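Peer 1: With chain A fixed as given, assemble chains B and C onto it according to the hints.
Each chain, letter by letter, is given below.
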Amino acid sequence: MCRIGAIKSKKYLHPSIALKLMRSQQKGHDNSGFAFVMQDLGGIFAAHKDLPLLSMSATVEGTRRAEDILHNLGFTRVLQWSPEINNQKGLKIEPMPNYIFETFQYPKSHKYATKEEKEELLIDTALLLRKELEKDNAGFIFSFWPDTLTLKEIGSPKDIGTYFGLWEENEDLCAKVITAQCRQNTNYDIVRYAAHPFFLEGYTILANGENTFFEKNRDYQQSLYKGYIGFESDSQCFLYTLHYVNKILKWPIQYYKHTITPLPFEEIESRPDRDVLLRIKASLSHLEINGPNTILGVLPDGKMLCVCDSKKLRPVVIGQDEDTVIMTSEVTGINDIMPNRDISKDIYPNEKETIIVTNDLTVERWQQ
Amino acid sequence: MATISINQLHMDDLPWIIEYDETKCIQCGKCSASCSFNAIKPVVEKRRKPSNGLQKPAFENILVIKQNVSFENHCRGCGMCSRVCPNGAIKAIRNPNDRYSVRYRAAKGDSLKKGGRSNLNTEGRTLDKIKIGRISQMTDPSLDAARHKFELRTPFGRILSADKLSFENKDGKMQLSSQLPPNRWIYPIIMGDMSIGAISWRMWEAMAVATAYLNEVMGIPVRMCTGEGGIPVRLLKSKYVKYMILQIASGHFGWNRIIQAMPDMVEDPAGILIKIGQGAKPGDGGLLMASKVAKYVQEIRGVPRADLLSPPTHQGLYSIEESVQKMFLSMNAAFNFKVPVAIKVAASVTSVSVYNNLLRDPYNIVGGFFIDGLAAGTGAAHEISLNHTGHPITSKLRDCYLAAVHQGRQGEIPLFAGGGLGQTGSFAADAFKLICLGANGVFTGRLLLEIAGCIGNDTGKCNACNTGLCPAGLATQDVCLTKRLDIDVAAQNIVNYFLATDMELKKLMGPVGNSTLPIGRSDALITVDKHVANRLDIQYVC
Amino acid sequence: MTKEEIYIKTLEDNKRMSTQELLQLITSKINEGYTNFKIDGCGQHNIGGSSWAKDRNEELTFRITNPGQRAGAMALAGTNIYIDGSAPADVGWLNSGAKIVVNGDCGDTAAHCAAGGKIYVSGRVGTRSGALMKHDPKFESPEFWVLKNTGSFGFEFMGGGIAVICGYDCDNINSVLGNRSCVGMVGGTIYVRGKIEDIADCVDIQSLCDDDINFLSSGLKEFLKEINQNNLYNELTIWNEWKKIVPLPDNKKEKNISVAQFRKTAWVENGIFGDFIQDDYKVYNLAATGEGRIRIPAWENNNCIDCKICLNNCPQNAIGNENKIYFSDSEKCIGCGICEAVCPKKCWEMISNRKEIS
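Protein chains in written order, with the numbering used here: chain A, 605 to 972; chain B, 1404 to 1945; chain C, 42 to 399.
This is chain A alone, in the form it adopts within the complex (with noise of 0.2 angstroms):
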């Protein structure tokens, strides 16, 4: 089993807490990868929040490939950073030959663009550097998004930190809301797109366990919206429906865990918005899940998320202390980075929660 982990702070921490808190439960790692998602950065990025950032990993014709096309498109690069990299020997990594966190000032088309109008242009424009990149693996972008910073890459996930100098704190590259898992989520091939957290448009999830409606959910989602591609993992299902019932349907985050669990039927008929909640079931049937699966995500206003299959099936517990809330697979990551909590206030999620923490750092517990 995958374990995952999602850490939302008051202060800019930075990625190696992820690496420590993942340290205690390798149990579930395999190797097989790192990677991580940043968001609300502070350090280096905090001047240019607005502005979108490329997360991108390529070779070096995909590198300038990719900023062409940027440049034909009329983004304009403001700020460039790169990890420092400690290629030791022995490090268990298949590196790529670079890693490009650029951000750009948008095109001047753009300049009185609405909100909106600027998101679908970053869409398009990630949509098309990935297509453009994948003909002949060139690269792989994972995130074209304001205030957003994401790496991920195949092997071990310490020698992954030691490789990028991660296990060494910086100020430079920090964040409040961090995501991170310590292995690839698929049963299949190992490959980078493949790896958590997944990103879309501001939304983030991270999970663990089969996807046994993988199919159903896929062929649904394959028409639903543009952004709804690659399928390298079956956890993106839980990303894509979390982006369509949120952003495109507009419905409130706890119709998330009504879609994807959708309560029994004894339990609807006894509630008074229980039309509702049967079309709901009967709607969006294509993306209900039925396999043993923890998701943790974030949402584009900076609100973590926790949910569980409606079995629970898989463990997750949430602490917290005044700064900082984490959620993750196992107690052990909890207890190596906040020992000295109060243990009571741990949350131990059931089948039926939505645990929701505010950009406040109040975890709140709904009842589906």
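Hints are computed from structural coordinates only; laboratory data are not their basis. Source: prediction; values computed, not measured. Take these hints with a grain of salt, some might be off.
[Claimed, not checked] Calculated cross-link-like contacts (lysine-lysine; reagent style BS3-like; alpha-carbon spacing at most 27 angstroms):
| # | chain 1 | residue 1 | chain 2 | residue 2 |
| --- | --- | --- | --- | --- |
| 1 | C | K373 | B | K1427 |
| 2 | C | K349 | B | K1452 |
| 3 | C | K236 | B | K1552 |
| 4 | C | K285 | B | K1552 |
| 5 | B | K1516 | C | K396 |
| 6 | B | K1741 | B | K1645 |
| 7 | A | K956 | C | K189 |
| 8 | B | K1573 | B | K1741 |
[Said to hold, decoys possible] Here are the in silico distance ranges between beta carbons for each label pair:
| # | chain 1 | residue 1 | chain 2 | residue 2 | range |
| --- | --- | --- | --- | --- | --- |
| 9 | A | Y829 | C | T278 | 56 to 66 angstroms |
| 10 | C | K236 | B | K1933 | 51 to 61 angstroms |
| 11 | B | G1456 | C | I346 | 31 to 41 angstroms |
| 12 | A | E926 | B | P1765 | 54 to 64 angstroms |
| 13 | C | S59 | A | V795 | 19 to 29 angstroms |
| 14 | A | K854 | B | R1763 | 17 to 27 angstroms |
| 15 | A | A650 | C | D210 | 34 to 44 angstroms |
[Claimed, not checked] Calculated from the model, a selection of chain C residues having no Cβ within reach of chain B, i.e. all distances over 12 angstroms:
| # | residue |
| --- | --- |
| 16 | K44 |
| 17 | K95 |
| 18 | D125 |
| 19 | G228 |
| 20 | T230 |
| 21 | E267 |
| 22 | E372 |
By construction, the Cβ of each residue, glycine as well, lies at the ideal position given by its N, Cα and C atoms.
Peer 2: For chains B and C alone, kept in the frame of chain A given last:
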């Protein structure tokens, strides 16, 4: 003794020959008494006694059982004689030299009619070539069929895509802001679709009782379709009508009484099924032979005793658009747009086009698409239709599902598949496989008869439903035959079979790790047949 | 001879000892005769499990922080495990006799398949805890004590043993046993204090009897002592707040009415065809007599020679005669046609008894 000409019908022409052992016979007469087809009778046979050659030959008369040889009275192989024989002295055996169908046509100048099912099984069953091969073991815990909770329910009625649901966000709570197409959650197996007239009143009532029992006592929301012969007014006006799907076919039989009863109904029916075609005889209308048009059938249907032929098509429908408008709109309107209205067609090369058209219907009033495959049963049909027309259910169901997937509209018009399910013994397996291939549910009629006592099979045993002489009291209106059927036993057996099927469905859902129906989960299926794999887009294995 | 406590720190300078390294280190120390261990864990699995002291008369003691999954799994009698803080899934899995004290919460499936020993938890336990607990009558019954509450789906398929869920500090939750607990429970006893709901219907929920109270009062003392909460004794011993859950005996399981009863009592009166058909619901056998006959014999005396062949051949002895008038008793006749067949003068004719209902 009469002379015999070669053109005369002979025992050797018949499909079944009576094998009779006079040394075991005690001449109790039960075999002939029990034969509803009048296919055997006691006769006195003259026998020559063994002679020593010195005396003139002597003769003796002995009583034996002989088979009748005529187009009207001949053995259908039902086997009632061997059931009643205390000594196993008599049985019907299949005649490998059967030339009956040739003789019949040559003698009568008329097409041959049969009941039951096609007896020309050249295709083999695709469903039997499919196995459930994706078993949850490590990554996704499988479930315990006996003890975990499963939800075997499927939507019936038009389902709108989520973006078309009229939801309003009131303080974070979604609310419905207008009436949506009716939608019911029902058990994924619909029973019945056999008309009053085609089957006896006891069998029809047994199904209705079993349906009500499964709902009220067992909490299993099974629905029953009335078939095209109307519905008793007493049921229509009872609370149990909520479990009944009213059928309208091209003959429109029984609808006068339904309309008359509407003001007095206490519940809405479960749905309306517009029957366009049926799998056993696609392109042909219903057929009820005069022998079964009993007085009460005449009353409910509003017709005299005569062979009742429903036209092959609904006369008022000359295009798909008209169908949608006239039938669907009217049926929806009749129950104030609160009752799902679905359509049943025979599987055909053209089914996908029909389905696509319905999916695109802008009024969203088509609440289900029932596809009936060629192995389906029938009360009566021309043998030519039964054996030589039709389309197997499996690929057609799959085609329709994938056509919906192609448009991103899977599930919007629920698909129900039927026709010969359970033929090789496991109805649950057939149902499960079709569900994985995209069916929301399945329907069955013939199997219910077999549960209740039908002894017919796919290789020519009995299949005489058209004669009205059903030895099991199922497809007959004759009092002494109908009363062979114990309504309580028949209903109990149907209930038991459903409970067994329910458990067996769970025994298949558990291993694939699903507690809700795996509709469209074709990744759970495998086949060792490459052609089946390609055609259905499932995994080929060897 | 008791040796000093061994202290093992499993994380130093960002370097973490693997589970295998740790467990092998413990085993080698045990083989050297050590019996007391203090282990600062970093998520290593199976700590404290399946070990026994070199000298089988001695006990093993583990004091652990931050263990990984399956702390105390497959542990034997004579093992004492004290966990300071919370532990993840499978604490005491297959416990076969150890005492395991958790000063904190347990993750999912605590005490799963435990068949011996005692597990004491000062906080909560997760989903599916106590599932498949068993009791082998040759050993002491396993006990599983939890101060607060369990997650959902607890005690599934439980076959034996005793669980005590004290429901302390649970005023804000709807069910101390979560949802859908006790599914498939066939043995054992669960004592629970506080609100419960949505328990599987295969169990019986009862009030405590004297034996139960005796067991709980002594057991609670021991439990509270182990978790340093002696002060809660009075609060937890208000016996009317407790319930006992045991499997429902077969004779208490509700039986459904038969379909026949349903038709007679709940179905549309006189049947749905009652306005056309007066059905007596009688069932005819194959080869029935009377009205159940498919064909009936008719006699005409034109040619009768009073030979009695029919009378003598009727298998049902249904034929009688009086003054050369022959008749068939419909109560006996099955309509076989033998009379017709044997009559030399063709006085008997079988005619159809087909008729429709009215």
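Peer 1: Kindly indicate which numbered hints from before are broken by the structure, ordering the numbers from low to high.
Peer 2: Going through the list in order, the structure violates no hint and respects every one.
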